[in-house]
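Participant: Chains as they are written, first to last, in our numbering: chain G, 1 to 455; chain Y, 1 to 542.
One thing to keep in mind: the hints can contain errors.
As the list claims (entries may be wrong) - Partner residues are not named here, just some residues of chain Y that face chain G (Cβ under 7 Å, in silico): (1) Ser116; (2) Gln120; (3) Glu138; (4) Ala139; (5) Ile395; (6) Val397; (7) Asp400; (8) Asn403; (9) Glu405.
Claimed, not checked - Taking CB as the label site, the calculated pair distances span: (10) G:Lys216 <-> Y:Ile395: 40 to 48 Å; (11) Y:Asp340 <-> G:Ala193: 49 to 57 Å; (12) Y:Gly25 <-> G:Lys216: 22 to 30 Å; (13) Y:Ile395 <-> G:Gly113: 29 to 37 Å.
The hints are simulated quantities; they were obtained by calculation from the structure and are not laboratory data.
Quick caveat: nothing in here was measured; it's all calculated off a predicted structure.
Even glycine gets a Cβ: it sits at the ideal position worked out from N, Cα and C.
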Amino acid sequence: MLLRHTPKEIKERSALTINPAKTCQPIGAMYAALGVHKCLPHSHGSQGCCAYHRSALTRHYKEPVMAGTSSFTEGASVFGGQANLLEAINNIFTIYNPDVIAVHTTCLSETIGDDLNQIISKAKEEGKVPAGKYVIKANTPSYVGSHVTGFANMVKGIVDAFPVNTGKRTNTINIIPGYVEPSDMAEIKRIAAELGVKAIVFPDTSNVLNGPQTGKYEMYPSGGAKIADLIKAGDSAATIALGPIASGPAAKALDAKCKVPCEILNLPIGIRATDEFVDRLRILGGVCVPESIATERGQVIDVITDNQQYFAGKTAALIGDPDQLVSLAGFLTDIGIKVRHVVTGTAGKKFEKRVKDVAGGDVNVKEAGDYFYFHQLIKNEKVDIMFGNTYSKYISRDEDIPLIRFGFPIYDRTGHQYIPSAGYRGAMRLVEKILNAILDRQDRDAAEEKFELVM
Amino acid sequence: MKKTAEIKPEDAAKELIEAYPVKVGRKRAKQIIINEVGLEEQVPEVMANVRTIPGIITMRGCSYAGCKGVVLGPTRDILQITHGPIGCGFYSWLTRRNQTRPAGMKDPNYMPYAMSTDMQEEQIIFGGEKKLKKAIEEAIDIFHPKAIGIFSTCPVGLIGDDVHAVARDMEEKHPGINIFGFSCEGYKGVSQSAGHHVANNKVFTDVVGLIDTPKQGKYKVNILGEYNIGGDAFEIERIFEKAGITLHSTFSGNSVYEEFASAHTADLNVVMCHRSINYLAEMMEKKYGIPWFKVNFVGAEATAKSLRKIAEYYGDKELKDNVEKVIEEELGEVEAARKDAASRCAGKTAMLFVGGSRAHHYQELFRELGMKTIAAGYEFAHRDDYEGRKVIPSIRVDADSRNIEELKVTQDPERYRDRLTEEDRKRLGDEFKFKNYEGMMPDMDKNTLVIDDLNHHEMEVLIEKYRPDIFCAGVKEKYVVQKYGIPLKQLHSYDYGGPYAGFKGAVNFYHDIDEMLSTKVWSLVKAPWDDSPQLTARYACE
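Next comes chain Y alone, as it looks inside the complex:
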């Protein structure tokens, strides 16, 4: 086994595509990049957000998963009905670990309920709108929700059911209830990413801006792209509260409808998962004048940096002092835990293939442990998530992206409010970097591998060639990698642990990774007789 440093990335890149038919190899070669960071963070171009080749065992899911599962799933009081055969609603039922905490027993929480029209052959032939309307009636009768989302599965678009028309009709019948549909049929786009966009659009047009009463409190911030997996949002809420920042709305971890509807009254949008929610940030800026910038609450240093940036945005001494106090208080415990874990983890290698921002964010935590990320890639990200938003103008819009509506947004005549004065702008200067995401690649070392939409075969090659100390991906990959005797940390579900965001999250992560890397269980894999040669002699007594 060669040491990582001795493996030439060119050889690895070649080996990854050796087994492919020519056409497949040619395409994959454009998605397998040897990293290099030049002047002004120039990185090589990576092909991303393109179709997965049929037959390839991919990690990717579909548009419905991105819309219903990712973006809307974590909100507890929008009643969600899947319009389609039973499977889609079944698989997205509580499987993403979005935690939520209703204020009291009387407050609605629909998250433990999976609702579906359970479409049958009759609806495929004669149309499903009638059944959908009936299902909405039945849901209203039992649950009395204030808002209902309808999520389209593959057959809906094909048989021509108009979920938007149904939503309008039903809203007319029930004027107090906001009912809206999502055209997130699974075949749209090339991955979950299309569904994120569909979700962003509908939440923007049908929910945000409906309630003009802001939350009480100073420094009102929305967090976009934080889904409260394993309680991440709870930890960020804790830190915000401690620092005196008012968390106005989270899209969409631990969220409620009213918070979405009044989100346009906040001062600032900070973006966690750029891939899944940058559309909403952009549209809210155009329509309501809310500036946005990218933050990262994964990693203790990154959390501190993000908090400081929020304080700097306001430029208020009281907030700045508060933030510094919080950071100082929190970092004590973090540093102790980090040093202890790093004493065992430092120098070890990690690979991260997950999501549309996690493969980047979690490199922070590994860096804090002194570990080296030797290969990383996203499951469904776009070029800007790899190379930075500066490449957006040069991204070619292909047929699959064109199918997802790009909303034309204009200033709201009443609700638009410029949050920044000329003075603010001068104070903050160009280096403050609003609307910016520098991408994953500038943060990665030269000669590391960047691979988009990694598939099963390539994962096998990577593991056999590099044998990293830890691999990070999802549940479908977990037991494959572990059969090789290499631990896999799930970065969608955190292996049912967490939180990993914020300060307490960092401590949890150091601890969990340390345990995974230090455990003795792997030493049991070899039986005592595996190493000894077969006995060939006969016993004398025979």
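In isolation and in its complexed conformation, chain G is listed as follows:
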């Protein structure tokens, strides 16, 4: 047994987190910043933060992940990190030549109280920021929230920095896609294009963290939201924010800053949530839903209805990030799977209600939970199928429950970078994965005489 010390009996813990179902803010900020074209994220703290974040993102995407660090020493920690950041800004523009440096803080620089606005202003005054280049920022103390909060804060940082309301409204719709994979961001863009809606999607990590092998390394790949578009986002007709936790704060900030009204929707994972997204996009964009999208939708529903019997009555346990889990729990419930346990590491009072609204009142729901607790829930009530990141595989193996990898990080399988789980096509991928897991298990466990050829 890998998790041999996890007892069935659940005791309340108030101080010790065991096997976290979240990580810290800066990695989310780094990920969001990679979704701006020619942007180099910069970690204002010790080297280790940056090394850990880059390693984690690299293991998840199997792609280059570039970021700078202020390389704090004990001296900087005592006297403040201003000199380090000024030097870093100068070196980064000279050596790596990005268009944007996106600085995020860490627990270290937050604890000592470095003032990023003041330091960035000083860098500008000292001529360290070349003409036409930008230094943007987000405060991401690791001791508040989670990686999702960090993502939300950096997206808000992008909004603080770029959009301008020139007074000339366009018919463009801004879409903030949420803390989702590059494949999902691409899929969201494709859906908008298919609908004929002009959209500005930010951040956009597609073609940054799922780049092609060309034999040529590009430090700044072709993807990422372009600065010109980010500036224009202030003139857009509306903003759709997908995922209230990851995208809500930026959408509200954009409304406050540029008077772009926003609608905050659930992540378009599963049929209903995608329907809601497509429907709002259609109405806000003033377009009709084309046949191509209706066909995609119909195809996935066809697969679900064809295989209804295999989903019916199966039970599931879910662990991951809140925006994802709400949509996934709703989708599973829709196709007939009973959601039993839902745990997120990110704290948030609304989470329980959001999950129960879509999956029913008797689900075990926990915010600010961890993998240890999740495992204990499963020990007390076993399920047929699990959804979670790579760390779930230890529970999956010990409890012999099929695992569908879903969320961040996925260190041990590939595909999430390139193949979406958002939209109708994403729903098709999820349905295929779920069916395969259920049917593979049935095939594995069936008595010889019950081994089915046609399923």
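Given the coordinates of chain G, work out where chain Y should sit on it, guided by the hints.
Facilitator: Structure of chain Y alone, referenced to chain G:
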């Protein structure tokens, strides 16, 4: 593209720093050295173990990573609690591939558990000691460990939490449990290296020497600086057992607390990773009289040489015969695999930028394959790892190193035991070289490049200029290099393969490198239409 031999190293060294601001270039120039080996293995001085310049995209991590991740991480029954916000504990959770094999189902194994106090704003403002104490209570209640290590992250030192005082208090409350804290805040020192030192100190003061019962068996040896990544320690354990050497304790691959606590009863310390653990070897010699020397189990020849040196230390015929028998038996398979792989790999070029000893050790394996290392450097090593321990007296101790405590060690009145008789010393002579590490540079060819703390920009320049056949580094570098169409072998994680140590490890390595260099997948990168000119004519039918 020039051939490697045609590239002047002076030109490369210049090009590496061309893009830098003057100040940066001046500093980096002292860390970029053209190798030259003179009389008595004299090599040029390399600046090492100095701060990375802010803004530079470095490979380096932090002190916490070196302490918790590297040195203590691989031990399975010391319960480890990270005191700090959640990230540090999360990122060091199982990511280093330290394998471990508990004897039975009842034996503790805490390695799949990442424990953290998940520090919140409230603790940053009002202090985190209370939460830490509560966390320790909760951990004891669930896991009943015999030892607990507390690992400090950046904010701990800044807000003034005293993890050592908490450890003492909690130990008083739970007298059967050894509880100790590590001041390995990420900002200490200039790299992981500081954390190694912090870890060595605490393990030495709080664990080693507590249990005086030695393991049963002849030729009791501790291996220091072997972390069982990819099962390396398992392979060394296999070889030791076959040769009749008792492996007393490994610091810290596949290790348990009792082995650390009784390590002072062994006859000998052999050191694998000099950088991360030489402190412990030195301190154990002073306090307990255990001699140490450097070994290397990476490379078949190096493994044989290291085994022979251990046998020679004991001077015992039975052991010497055993060792020779083992070497002969093992080398058969190794030689066959080596010859086969070398027939395809020989003459190819490698670059190694990794760790604090791996960039040196793995040159052995490439040499066995007939491959040439044209550039190498460490991520976090010190001058002695490059130039040899003979330069230690001339290393300037700067402010960053001074922050890491240097323990004053004296002979233990009861436990000190001189392992060597006068006769032994005479037999072994000066050339046996205890306490010696000759460093990486004397082993490298003239005109090869030695670069300390290589960064992203310099890596790009090196690759574009030299286009080596293989590049060795870590996960952050892997996909950058591979985008250039050059395979990168991860030498921290072995690309999730291994073991690469010992005889079986050498065979694995030859095989894996051969496959990486021979694979046809890279030929797919170019599409058939990439080479043909664009069609400009119109079809007649239009």
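Participant: Against this structure, judge whether each hint is valid.
Facilitator: Hint check results:
no.: 1; hint: Ser116; result: 5 Å, holds
no.: 2; hint: Gln120; result: 5 Å, holds
no.: 3; hint: Glu138; result: 4 Å, holds
no.: 4; hint: Ala139; result: 6 Å, holds
no.: 5; hint: Ile395; result: 18 Å, violated
no.: 6; hint: Val397; result: 14 Å, violated
no.: 7; hint: Asp400; result: 6 Å, holds
no.: 8; hint: Asn403; result: 5 Å, holds
no.: 9; hint: Glu405; result: 13 Å, violated
no.: 10; hint: G:Lys216 <-> Y:Ile395: 40 to 48 Å; result: 42 Å, holds
no.: 11; hint: Y:Asp340 <-> G:Ala193: 49 to 57 Å; result: 53 Å, holds
no.: 12; hint: Y:Gly25 <-> G:Lys216: 22 to 30 Å; result: 27 Å, holds
no.: 13; hint: Y:Ile395 <-> G:Gly113: 29 to 37 Å; result: 35 Å, holds
The structure fails to meet hints 5, 6 and 9 from the earlier list, while all remaining hints are met.
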